[in-house]
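Respectively, the protein sequence lines represent chains A and B. Residues 827 to 1050 in the working numbering are what the first sequence spells out, letter by letter. Residues 3 to 204 in the working numbering are what the second sequence spells out, letter by letter.
Errors might be hidden in some of the hints.
[Unchecked claim] Using C-beta positions, here's what the derived DEER-type ranges look like: (1) A:ASP941 x B:ILE126: 30 to 38 Å; (2) B:LEU74 x A:ASP990: 38 to 46 Å; (3) B:THR170 x A:ASP1020: 41 to 49 Å.
[As the list claims (entries may be wrong)] Here are some chain A residues the structure puts well away from chain B; computed CB gaps all over 10 Å: (4) ASP909; (5) ARG938; (6) GLY971; (7) ASP990; (8) HIS1013; (9) GLU1016; (10) PHE1021; (11) ASP1035.
[What the hints assert, rightly or not] Covered by chain A, according to a simulated footprint, are these stretches of chain B (three or more residues, beta-carbon under 8 Å): (12) 111-125; (13) 146-153; (14) 190-197.
Source of the hints: derived by calculation from the structure; they are not laboratory data. Glycine included, each C-beta is placed from N, C-alpha and C at the ideal position.
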Amino acid sequence: MISFDGVAVERQGRTILDSVSLDMAERRIGVIGANGSGKSTLARLINGLILPSRGTVRVDGLSTAADVDGVRRRVGFVFQNPDNQIVFPSVAEDLAFGLKNQGLDKQAIEKRVGDILAQFGLDDLAESPTYHLSGGEKQMVALLGVLIMDPKIVVLDEPTTLLDRRNSRALRRTLDALEQMLIVVTHDLEMLRDFDRVICLDGGHVHADGPPTDVIAAYEAISE
Amino acid sequence: MIDAFYLDRTTTLHRLPAIAKLAVLFVLGTVLFLINAVVPLAGVFGVLVLLYVAARLPPRVAVRQLKYAALLLAVIAVAQGFLVSWPSAAIVLLRFSSLILAASLVSMTTRTMDMIAAFETVMIPLRYVGVDVARVGLALTLTIRFIPVLAQAAREVRDAQRARGVKTGWLTLITPVTVRMLRMADDVADALDARGYGRAER
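Using the sequences and the hints, build the whole thing.
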């Protein structure tokens, strides 16, 4: 359960989010809105990457300001550009990074890395240099780097923006099969058609919130 | 050197602990500069070639490592040949070629993470003078990881400038590439945070 209580974010005198109050418990939630509407800020607040200027963000009752480690153990974050998220030169090493941060021993890390690569049919990529991966493969490695840490919630910030249609569809199929609660910030409205809930932001405020069809229609109306 | 990364094989050389390989490399680097005769240096070079075979690394990989330094080696060897003697040129050539082959052999048979862990072990005494060893290890990793990304950014900026008719050179590249890398550094820092960097120590 994620709750925003009167959350405002101000940066350099500009209000990016203003008095946002939300409770999020659905399994798949989409966040849409124009550029600069506050979508990415909302996503980053959930993981504690940004702290609110006013109000509180809580994940399972933990405040992002007071217990950021506890929050990040629950919430994984996939960035728009996987090149910025992948920090090791080979796939297996990169997947191991998060587990090393959790303090796991080498054997346990190797097993978890092997298991997750096998689970997603990417065994062949284990020793591949991350720099030589295709865009789709990089996005999958970035996602696995998060999933391997077994978060309850995965937040994805525009995960399909840099992907072609084929890779975008492949990623959507992967996301559909995940058990975790997903919060996806995207411009890819098609992706959200079967989501449980969509939130539309406009100028730092919640413009619409509800079933995908209604919210997408409301978004399209203000985008005309 | 960007391509000199780990190549996965199941050989004894791959299985050796990273710290042992780094120690041998350190000793070899010293010994190579103590040997001043062509025959033993040629022997070392020959052994290294055999080690490439033992590590099941394709010959083109060894050749590629030397190709990167070929021009520099050629200039040094020719200068030695004319200024000192041709046997001396051969000594310099064999010494540096062996060193490059040995360093590349270590990097190609050792996972980056194991290499960084070995560096961290070697640097442990520095903790007592306040050095954050894990942070230095991560900095080394990030440097290795982002060299090709930096090269790619420079290529993209250069292409964009050419498309707009700008005459490109190092000076015209520095500002846009630096701005881009600084923005990227912010994102990478966020990604490290999000992936729990430093959590194990807390």
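* Asked: Per the stated criterion, does the least C-beta distance between HIS1013 of chain A and chain B lie above 10 Å, as a non-interface residue requires?
  -> Label holds. Min Cβ-Cβ 19 Å, cutoff 10 Å.
* Please confirm whether ASP1035 of chain A is truly not at the interface, meaning its C-beta sits more than 10 Å away from all C-beta atoms of chain B. => holds, 25 Å
* Classify the label on GLY971 of chain A as holds or violated, using whether its beta-carbon is more than 10 Å from each beta-carbon of chain B. => Violated, since 7 Å does not exceed 10 Å.
* Asked: Does ASP909 of chain A sit more than 10 Å from chain B, CB to CB?
  -> Label violated. Min Cβ-Cβ 6 Å, cutoff 10 Å.
* Asked: For the region 146-153 of chain B, do at least 3 residues have a Cβ located nearer than 8 Å to some Cβ of chain A?
  -> holds (count 4)
* Asked: Residue count check for the region 190-197 of chain B against chain A: does it reach three with CB-CB under 8 Å?
  -> It holds, with 7 qualifying residues against the three required.
* Asked: Does the Cβ distance between ASP941 of chain A and ILE126 of chain B fall inside 30 to 38 Å?
  -> holds, 32 Å
* For the region 111-125 of chain B, do three or more residues have a beta carbon lying closer than 8 Å to a beta carbon of chain A? -> With 3 residues closer than 8 Å to chain A, the region 111-125 of chain B meets the three-residue bar; holds.
* Does GLU1016 of chain A really sit off the interface, with its C-beta more than 10 Å from all C-beta atoms of chain B? -> Holds: least Cβ distance 26 Å, greater than 10 Å.
* Verify that the Cβ of ARG938 of chain A lies farther than 10 Å from every Cβ atom of chain B, and report whether the claim holds or is violated. => holds, 14 Å
* To do: Against chain B, does PHE1021 of chain A hold up as non-interface, every C-beta pair farther apart than 10 Å?
  => holds, 23 Å
* Outside-interface status for ASP990 of chain A - nearest CB in chain B farther than 10 Å -> Since the minimum Cβ distance to chain B is about 18 Å, ASP990 of chain A lies beyond 10 Å and the statement holds.
Checked against the numbered hints given earlier, the structure breaks hints 4 and 6 and satisfies all the rest.
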